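*Asks:* Here is what each chain is made of, one letter per residue.
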Amino acid sequence: MDKSITLPPDEIFRNLENAKRFAIDIGGSLTKLAYYSTVQHKVAKVRSFDHSAKVSLQETDGDPLYEISVQEEITARLHFIKFENAYIETCLDFIKDHLVNTETKVIKATGGGAHKFKDLIEKKLKLKVDKEDEMTCLIKGCNFVLKNIPHEAFVYAKHADSEFRFQHTHPDIFPYLLINIGSGVSIVKVEAEDKFERIGGSSIGGGTFWGLGALLTKTKRFDELLQLASKGQHTNVDMLVKDIYGGAYGSLGLTGDLIASSFGKSATTDKEFSKEDMAKSLLHMISNDIGQLACLYAKLHNLTRVYFGGFFIRGHPVTMHTITYSINFFTKGEVQALFLRHEGYLGAIGAFLKGAEEDNPNQYSWGENYAGSSGLMSVSPELNPIQRARSGTFDMLEMDRLERQLVNLPLLQDATSYIPDTVDLTEDALAREYWLYCFEEALDGNT
Amino acid sequence: MALCGVADTGSHSMDKSITLPPDEIFRNLENAKRFAIDIGGSLTKLAYYSTVQHKVAKVRSFDHSAKETDGDPLYEISVQEEITARLHFIKFENAYIETCLDFIKDHLVNTETKVIKATGGGAHKFKDLIEKKLKLKVDKEDEMTCLIKGCNFVLKNIPHEAFVYAKHADSEFRFQHTHPDIFPYLLINIGSGVSIVKVEAEDKFERIGGSSIGGGTFWGLGALLTKTKRFDELLQLASKGQHTNVDMLVKDIYGGAYGSLGLTGDLIASSFGKSATTDKEFSKEDMAKSLLHMISNDIGQLACLYAKLHNLTRVYFGGFFIRGHPVTMHTITYSINFFTKGEVQALFLRHEGYLGAIGAFLKGAEEDNPNQYSWGENYAGSSGLMSVSPELNPIQRARSGTFDMLEMDRLERQLVNLPLLQDATSYIPDTVDLTEDALAREYWLYCFEEALDGVVKRAIASQKDQPEAVERAEKFRQKYRHKLQTLRHQPFAYGSLTVRSLLDTREHCLNEFNFPDPYSKIKQKENDMALKYYLKVVKSVEELSWEQRQFNLVKGLLAGNVFDWGAKAVSDVLESDPEFGFEQAKQQLQERPWLVDAYNQWIERLKGPPHKCALFFVDNSGIDIILGVFPFIRELLIRGTEVVLASNSGPALNDVTNSELQILTERIAAMDPVIHAALKEDRLALVQNGSSSPCLDLRKLMLCEVPLRLDKVLATVVRERGTDLVIIEGMGRAIHTNYYAMLSCESLKLAVIKNSWLADRLGGKIFSVVFKYEVPSKAQGQH
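Protein chains in written order, with numbering that gives the first Met the number 0: chain A, 0 to 446; chain B, 0 to 782.
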């Protein structure tokens with residue numbers, strides 16, 4: 000966490016020299032920086048030779064049909080970088096040193112930490128911090144990713160062949176419910192681009208899991224608490240229906256394994272409970288509660304698309320699983336819990352868009368740049384702890400602006416159900432295996 | 000009684016060998032007929048049905064036709080045995096279950112009982128023990144069904160059952176008036192977990208939701224966080240804590256309110272949010288408080304969402320998390336207010352702990368159709384709300400918290416309401432709610448305590464021939480004094496405290512110790528004396544001019560009402576000066592204009608056509624009824640108005656009872672041809688009002704049409720005769736109750752204020768006169 004850490008600048012704050020517009024979203028533990036930059040690309044151009052000059056009685060046999068040249072082209076790109084708050088000063092210094100463009104006078108800021116770090120930012124960057132409403136940015140960002148990034152939303156199914164089932168982008172994203180699980184929970188109904196309402200909330204959120212978890216297990220790190228939870232048995236701590244009635248309570252439709260009382264067993268027994276079991280019970284308690292509230296609000300407002308976000312969810316299979324389970328239980332499968340690939344960036348994207356509104360970014364189409372983006376779950380604590388230590392520190396998303404607006408082929412029979420790809424390799428493991436191998440094999444060659 | 004265990008051993012231990020004070024707890028066990036038991040996680044609730052032998056005072060006319068012996072009393076008073084039905088409910092800690100079962104076994108005489116209905120989570124755990132000890136077959140009943148059945152029963156049968164809790168208000172408990180239509184409602188039962196049940200009809204309910212975050216979570220997490228293992232202690236900790244030390248508030252994140260989202264700065268953003276990132280130690284109190292808020296708010300929010308989804312506005316909360324705990328009632332109330340913005344009120348129940356036991360009992364008793372009867376809470380035999388409150392009096396609690404009781408008497412008549420009430424659903428009998436008026440409460444409690452010696456004396460005097468009456472009277476004194484003391488500290492113990500409930504409690508306690516009618520002898524003497532003056536009074540009035548006569552009759556009525564052994568000032572005068580006579584009473588009366596004076600309007604009305612029928616709720620025996628009421632109604636009869644005299648079914652103070660009135664009326668008819676003819680032609684009728692109280696409750700209790708606590712017969716009489724005038728007489732009936740009652744016909748409410756404090760409060764002096772004559776406006780509700 001040393002402030003003197005050497006950043007690998009080319010890899011992280013790319014194209015900083017042309018950066019034009021900054022936005023920053025400072026949460027409880029992570030900072031998300033957004034900027035707009037132009038990229039000089041080499042593009043291959045082909046040009047036909049002028050065959051008309053000489054009357055072509057004789058075709059010059061050896062000449063190529065057209066000419067190939069490489070030219071420079073300038074395109075617009077959005078950069079989003081996510082890093083731990085601990086690095087904020089180092090990052091600000093780095094940005095200051097590499098920022099060439101001096102037209103920029105203002106940085107849009109949002110998130111709970113925005114006012115805490117305001118002075119530091121202004122001092123370091125010599126930019127005026129312009130605070131933007133957190134919820135407005137969040138929703139703006141959410142609308143943007145849902146509209147612009149294919150396969151943004153997904154359903155999580157722990158035991159299915161493919162854990163992630165991506166949703167196809169739907170032209171009409173409204174109305175939807177966004178359940179943002181940060182320290183607490185905000186339940187927001189979004190009806191249009193600029194129309195949203197916080198219809199509910201709860202104080203039982205990520206902060207509760209973290210806070211109560213820390214008190215119960217003496218484990219202070221959120222990730223470690225989740226790790227503990229993933230190994231525990233909640234039935235050792237929770238009182239189940241069968242613990243009271245000896246089995247199911249059939250006439251009320253309650254199965255024996257249903258949790259009757261969270262932590263109910265610790266009320267009357269004197270035995271010690273394991274950290275893992277308590278963490279698991281806590282996780283279930285909180286996830287179920289949020290799931291139930293989400294389902295009730297969805298029903299009350301007649302909404303079926305429910306997205307979950309916030310640090311409690313962010314890239315954690317454990318919480319995505321418990322929330323999904325809870326939603327299935329309470330809606331009897333009628334509502335699906337949806338998660339977002341770029342959920343962590345919503346605030347930063349929104350803040351950036353607020354600043355960029357005069358440019359009408361929605362008029363353009365944006366495409367995710369796979370080369371410059373870290374990809375989902377690069378911060379997963381489960382996948383590869385070593386890899387995590389590095390990539391968990393900096394996570395990136397880059398989006399290229401396409402200069403043309405793209406439209407549907409009007410001849411499609413049903414544009415909304417149209418899926419371009421024939422095989423989904425996330426779902427077809429055999430095909431995936433083959434094609435990944437195939438592309439790797441082909442890497443050396445020049446075919 | 001065969002039961003005579005040591006009354007109060009002072010033993011507060013959980014020792015199984017505890018000596019139970021049987022007379023006080025498992026009462027009337029020898030006749031117990033039907034048992035039900037509800038065994039919860041920590042408390043057992045036992046219910047049984049029993050019959051009680053009461054002494055009742057009866058009056059019987061002598062055969063006067065033989066020969067008129069001048070010195071003989073007018074009628075004979077005898078005390079007879081009467082058997083009434085009573086429901087007993089006892090609540091005690093599970094630790095006592097074996098002792099209690101042994102006790103029951105030893106004292107259960109009736110052997111017809113073969114089965115005990117059982118419900119609650121503990122029912123299957125204790126099944127074998129119960130069957131072994133009691134030799135009764137345990138018949139398990141569904142817990143939720145029992146709970147709902149019990150809930151429906153108390154909501155329908157017990158006045159002031161439901162209340163709103165307001166911690167900082169003048170009166171913490173605001174009792175709800177019984178509403179005839181209790182459905183639909185939502186019941187949130189907060190036990191270990193939470194069950195949310197929608198109840199749509201007597202037998203139609205559905206568990207529409209629930210939550211695992213309930214009382215067990217508070218207890219379990221609380222125990223882990225604070226190392227405190229007792230639920231009560233956890234609540235105590237919570238009541239002392241500061242949740243803001245542990246919770247992350249909106250202002251902790253945003254430096255203030257988050258205005259655009261409508262979130263105030265003090266709102267909890269994240270429960271336990273502060274313990275996530277700081278390393279400091281948190282106090283047990285603060286953590287317990289934060290936990291309590293977290294759970295209460297969560298339940299409140301769920302309750303509110305389910306209520307909205309199902310369009311319900313009546314939401315009752317119960318379960319051990321709530322039971323008698325002001326701390327949780329407060330946080331739940333707060334939460335409901337917050338989430339519904341005041342649209343839904345959190346309601347609690349006085350007898351919430353008994354619902355399962357009551358329901359199980361009713362399941363067993365269904366063949367008897369107990370709902371056909373009316374049931375009344377017996378104040379003498381019931382512990383009252385919050386007798387287990389941990390906050391009020393820890394020492395008292397150790398004892399009374401162990402055993403809590405509820406007793407209900409079956410009323411043999413079905414009660415209906417007076418069809419002449421303008422709006423039966425909004426009718427409230429009592430004029431002053433003493434739970435809300437601290438000054439008035441203070442005075443009346445003092446007043447009833449002051450009067451206690453006199454009541455005890457009179458009770459003993461009424462049974463001079465029975466030497467043990469002194470001992471019983473002493474027991475009565477102790478019991479009633481204890482009730483008064485309880486009410487001083489917990490005015491909400493039996494619902495809204497009123498002068499009526501204080502009077503009724505005294506009657507219940509007197510009955511309890513077999514003083515069914517302490518005033519019987521005095522009434523007899525006074526009736527006897529007054530009858531001798533009847534003709535004289537009638538004659539003197541007849542000689543007057545019409546205007547003078549009317550005024551004299553009203554004055555007579557009022558003067559008669561001065562004679563009231565129930566009011567302290569008068570009893571002082573009468574005891575010191577027995578010669579205090581009718582004429583002197585008239586002179587005592589306030590000169591016109593009276594405190595409330597509608598006499599002129601009344602006279603104007605009398606100049607018009609006669610009323611068709613007058614219904615007269617009479618008050619006292621003796622001079623009042625004989626020299627005040629009879630001359631007055633005699634004039635009405637002569638005018639061509641039919642008269643129905645409604646008197647108490649059972650004795651209360653010196654009020655004339657229906658059976659006494661029958662004898663008196665016969666005797667007057669024998670002297671007075673006008674009364675004789677009216678009786679014969681059925682222009683004068685006597686009915687009983689179904690009550691044994693000095694006050695009068697015109698409110699609906701059981702039947703759904705109208706709230707008058709009156710005999711069905713009376714209701715019929717009223718309809719058939721086309722009653723167009725109601726006269727209510729006396730402090731109890733016209734001042735303490737019904738002063739504001741709106742009737743759909745003309746009404747006279749008259750009383751002499753025989754209490755200087757009350758007179759003072761109404762802006763007058765003692766012996767001030769209230770003469771209220773009201774005519775319903777054609778367009779009702781315009782004022």
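Warning: the hint list may mix true and false statements.
[To be verified] Distance ranges between label pairs, derived from CB positions:
hint : chain 1 : residue 1 : chain 2 : residue 2 : range
1    : B       : Ile207    : A       : Lys122    : 55 to 61 Å
2    : B       : Ile207    : A       : Gly246    : 42 to 48 Å
3    : B       : Asp202    : A       : Ala159    : 50 to 56 Å
4    : A       : Ser416    : B       : Lys279    : 53 to 59 Å
5    : B       : Asp202    : A       : Ser161    : 45 to 51 Å
6    : B       : Asp180    : A       : Ser416    : 38 to 44 Å
7    : A       : Gly246    : B       : Lys131    : 45 to 51 Å
8    : B       : Thr276    : A       : Ala43     : 50 to 56 Å
9    : B       : Lys279    : A       : Lys122    : 26 to 32 Å
10   : B       : Leu308    : A       : Ala159    : 30 to 36 Å
11   : A       : Ser416    : B       : Ile207    : 56 to 62 Å
12   : B       : Lys131    : A       : Gly332    : 45 to 51 Å
13   : A       : Ser161    : B       : Thr276    : 33 to 39 Å
Please keep in mind that the hints were generated in silico from the structure rather than gathered at the bench.
All values derive from a computational prediction rather than experimental measurement.
Built from N, CA and C at the ideal position, the CB exists for glycine as well.
*Asks:* Each of the hints needs a verdict: does it hold here or not?
*Replies:* So, going through the hints one by one against the coordinates:
no.	hint	verdict
1	Ile207(B) <-> Lys122(A): 55 to 61 Å	holds (57 Å)
2	Ile207(B) <-> Gly246(A): 42 to 48 Å	violated (22 Å)
3	Asp202(B) <-> Ala159(A): 50 to 56 Å	violated (44 Å)
4	Ser416(A) <-> Lys279(B): 53 to 59 Å	holds (57 Å)
5	Asp202(B) <-> Ser161(A): 45 to 51 Å	holds (49 Å)
6	Asp180(B) <-> Ser416(A): 38 to 44 Å	violated (52 Å)
7	Gly246(A) <-> Lys131(B): 45 to 51 Å	violated (24 Å)
8	Thr276(B) <-> Ala43(A): 50 to 56 Å	holds (53 Å)
9	Lys279(B) <-> Lys122(A): 26 to 32 Å	holds (30 Å)
10	Leu308(B) <-> Ala159(A): 30 to 36 Å	holds (31 Å)
11	Ser416(A) <-> Ile207(B): 56 to 62 Å	violated (36 Å)
12	Lys131(B) <-> Gly332(A): 45 to 51 Å	holds (48 Å)
13	Ser161(A) <-> Thr276(B): 33 to 39 Å	holds (36 Å)
Consistency note: the structure conflicts with the earlier hints numbered 2, 3, 6, 7, 11.
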